[in-house]
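Engineer: Chain by chain, the residues run as shown.
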Amino acid sequence: MIESVGGVLGAGALLLGLVLASIGLFGMFRKRAIFEQLHAAGLVTGPAAILVLLASLASARAEIATSGLLVLAFVLVTSSLSTHAIALAAWRQGTGSTRTRAGSDADDQPGAGSAGLARTAMRVLIAHDGSPGADVGVALTASLPLPAGSVIRLIAAIEGDLAPLSASEPTSDPPAPAMVDLRVPLEAAARRLQRPGVTIDRVVRRGDPSMVIAAEAETLGADLVIVGSRGLGRIRTLLVGSVAAAVVDTSPCPVLVARIPRMSKVLLATDGSVPSAVATDRLAHWPIFEDVPILVLSVATSVPQYGDPPSGSGMQEIVQTARQQKVVDAAAVPLLEAGRRVIPRVRTGDAAAQIVSYGHGQSVDLIVLGSRGRTGLTRTLLGSVARGVLASARTSVLIVRPMPSSREDPAMRFTSQ
Amino acid sequence: MIPDVVMVVAFAWATVLLVAGGLLLLRAADSLHRLLALDVLGTIVIIVLTTLSYVKGVSYYIDAALALALLSFSATLVAARYIIQGRGPSA
Numbered sequence: 001m002i003e004s005v006g007g008v009l010g011a012g013a014l015l016l017g018l019v020l021a022s023i024g025l026f027g028m029f030r031k032r033a034i035f036e037q038l039h040a041a042g043l044v045t046g047p048a049a050i051l052v053l054l055a056s057l058a059s060a061r062a063e064i065a066t067s068g069l070l071v072l073a074f075v076l077v078t079s080s081l082s083t084h085a086i087a088l089a090a091w092r093q094g095t096g097s098t099r100t101r102a103g104s105d106a107d108d109q110p111g112a113g114s115a116g117l118a119r120t121a122m123r124v125l126i127a128h129d130g131s132p133g134a135d136v137g138v139a140l141t142a143s144l145p146l147p148a149g150s151v152i153r154l155i156a157a158i159e160g161d162l163a164p165l166s167a168s169e170p171t172s173d174p175p176a177p178a179m180v181d182l183r184v185p186l187e188a189a190a191r192r193l194q195r196p197g198v199t200i201d202r203v204v205r206r207g208d209p210s211m212v213i214a215a216e217a218e219t220l221g222a223d224l225v226i227v228g229s230r231g232l233g234r235i236r237t238l239l240v241g242s243v244a245a246a247v248v249d250t251s252p253c254p255v256l257v258a259r260i261p262r263m264s265k266v267l268l269a270t271d272g273s274v275p276s277a278v279a280t281d282r283l284a285h286w287p288i289f290e291d292v293p294i295l296v297l298s299v300a301t302s303v304p305q306y307g308d309p310p311s312g313s314g315m316q317e318i319v320q321t322a323r324q325q326k327v328v329d330a331a332a333v334p335l336l337e338a339g340r341r342v343i344p345r346v347r348t349g350d351a352a353a354q355i356v357s358y359g360h361g362q363s364v365d366l367i368v369l370g371s372r373g374r375t376g377l378t379r380t381l382l383g384s385v386a387r388g389v390l391a392s393a394r395t396s397v398l399i400v401r402p403m404p405s406s407r408e409d410p411a412m413r414f415t416s417q
Numbered sequence: 001m002i003p004d005v006v007m008v009v010a011f012a013w014a015t016v017l018l019v020a021g022g023l024l025l026l027r028a029a030d031s032l033h034r035l036l037a038l039d040v041l042g043t044i045v046i047i048v049l050t051t052l053s054y055v056k057g058v059s060y061y062i063d064a065a066l067a068l069a070l071l072s073f074s075a076t077l078v079a080a081r082y083i084i085q086g087r088g089p090s091a
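These protein sequence lines are chains A and B, in that order. Residues 1 to 417 in my numbering are what the first sequence lists, from first letter to last. Residues 1 to 91 in my numbering are what the second sequence lists, from first letter to last.
Check each hint, because a few of them may be wrong.
A short, non-exhaustive set of chain A residues, derived as facing chain B with CB atoms under 10 Å [claimed, not checked]:
1. 15
2. 22
3. 49
To spell it out: a stretch of chain B is covered by chain A in this simulated footprint if at least three of its residues, at any positions, have a beta carbon under 8 Å from a beta carbon of chain A; those stretches are [claimed, not checked]:
4. 10-21
5. 28-35
6. 41-52
7. 61-70
8. 76-83
No lab work stands behind these hints: they were computed from the structure. Nothing here was measured: the structure is a model prediction, and the numbers come from that model. Backbone N, C-alpha and C fix where the C-beta goes; we use that ideal spot for every residue, glycine too.
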């Protein structure tokens with residue numbers, strides 16, 4: 001009696017394990033991205049293997065049961081560890097970075113083509129409010145060489161209604177007139193962005209624009225948020241500028257404030273800090289910067305540091321400049337390694353003003369700079385540089401903040417190298 | 001006692017999974033996908049050996065599975081490590 005119950009249980013465990021293994025394998029065939037595949041593989045290496053090995057308890061012989069349990073204990077430990085090792089390798093290699101692509105080229109792997117493209121694909125969120133300024137953002141995005149497999153989502157936010165985002169109101173009441181108004185320009189923008197291999201979708205949300213955009217960026221897993229800037233009169237610019245600044249503060253990913261509908265020359269402003277290193281990392285690895293010349297600028301401020309020569313001797317400036325030169329060189333190395341065209345420069349003076357004036361003088365289309373998180377005195381200082389550049393530049397501005405979130409900070413491996 | 005029919009079916013099924021795992025390995029586009037496919041393939045071989053040992057009623061195959069689990073585990077760790085660190089500045 002007991003034997004037959006054991007047999008049934010054992011057979012059940014064995015077959016269930018095989019069913020799970022089949023489902024896991026099917027998932028691995030369906031999904032291409034490494035993290036999705038890892039998820040499916042976990043079903044095979046975890047529950048499926050455990051169930052099949054558990055069935056050994058129901059087998060006729062004691063040795064089989066003992067060995068089976070031994071393997072089971074071993075698999076319990078190792079499967080999670082090896083999954084972790086693979087996931088870590090994938091994360092370090094940086095999905096979505098061109099570093100992996102450079103690596104695959106060096107490895108001369110056959111078939112790296114399609115998967116390489118898939119890995120460098122980007123997720124871009126464009127905030128659109130139906131204004132000409134927003135169209136600049138669309139035009140800029142349309143000019144970017146986004147690799148196949150990229151996703152572009154157009155989002156329009158409607159202000160006024162303070163209903164929480166999670167409220168399930170969209171279907172019940174008829175769409176507000178403003179919502180209908182926004183659908184037309186969104187559709188036009190989507191048509192402009194259309195190109196083979198790139199998925200485009202549109203959403204309209206209610207609520208405070210910066211919060212709505214930040215939430216959508218989170219949902220989409222966006223690499224980049226693009227917001228337009230109207231550039232129409234002081235007050236409107238001020239208003240839109242404040243939305244852009246709010247988006248910069250709340251967004252979980254880098255934010256590009258678009259003011260010029262193209263990107264033929266980029267200025268990276270660096271100060272050797274962790275945020276700058278993150279910004280450099282993005283420039284080095286995002287496919288959209290592949291064929292763009294990059295000017296790297298570091299500004300020596302006139303604030304003397306401890307141990308500097310006395311002011312007025314002329315030495316101070318030399319020391320400062322030498323220090324900034326080092327910063328620029330440090331930023332240029334990863335860019336050059338990634339195959340970017342780099343022009344390093346050092347200037348002296350107020351950081352924001354120098355960055356903007358140098359950018360305008362070199363007819364740069366985009367200024368890239370890192371900005372700190374929300375805490376600390378340094379954040380206030382650096383944040384003010386980012387704010388200053390954002391407010392006074394006529395070019396597009398890309399602001400990169402290292403995220404304090406759970407994702408491993410790329411800057412860490414950056415600085416440790 | 002697991003019925004013989006079930007064991008034979010399970011063994012055949014596991015073999016089919018083995019073939020599928022092999023196809024997955026062939027289809028893998030880069031070293032990471034290949035590594036993951038190999039890891040899964042290792043587990044499938046463990047499953048195959050286990051079911052084989054049920055079918056035959058001997059424990060040797062399961063011992064082989066133990067050795068394989070050990071080896072494929074360390075191989076996965078080393079390969080993952082290599083993917084992280086293996087590329088020198090010249091790569």
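Engineer: Next step is simple, just say for each hint if it's right about the structure.
Structural biologist: Each hint tested on the structure:
Because the beta carbon of residue 15(A) sits about 7 Å from the nearest beta carbon in chain B, less than 10 Å, this interface hint is met. With a least beta-carbon distance of about 6 Å to chain B, the hint placing residue 22(A) at the interface is held under the 10 Å criterion. Contact between residue 49(A) and chain B, as hinted, is supported at the beta carbon level, the nearest pair being about 5 Å apart and thus within 10 Å. Counting residues of the stretch 10-21 of chain B whose CB falls under 8 Å from any CB of chain A gives 6; the rule of at least 3 is met.
For a cut-off of 8 Å, the count of residues in the stretch 28-35 of chain B with a CB near a CB of chain A stands at 6, and the three-residue condition holds. Requiring three or more residues with a Cβ within less than 8 Å of a Cβ of chain A, the coverage given for the stretch 41-52 of chain B holds, as 6 such residues are present. Restraint check on the stretch 61-70 of chain B versus chain A: 6 residues with Cβ-Cβ distances below 8 Å, three needed, restraint holds. A count of 5 residues in the stretch 76-83 of chain B with a Cβ less than 8 Å from any Cβ of chain A is obtained; the coverage claim is therefore met, three being the minimum.
Comparing the model with each numbered hint stated earlier shows that all of them hold.
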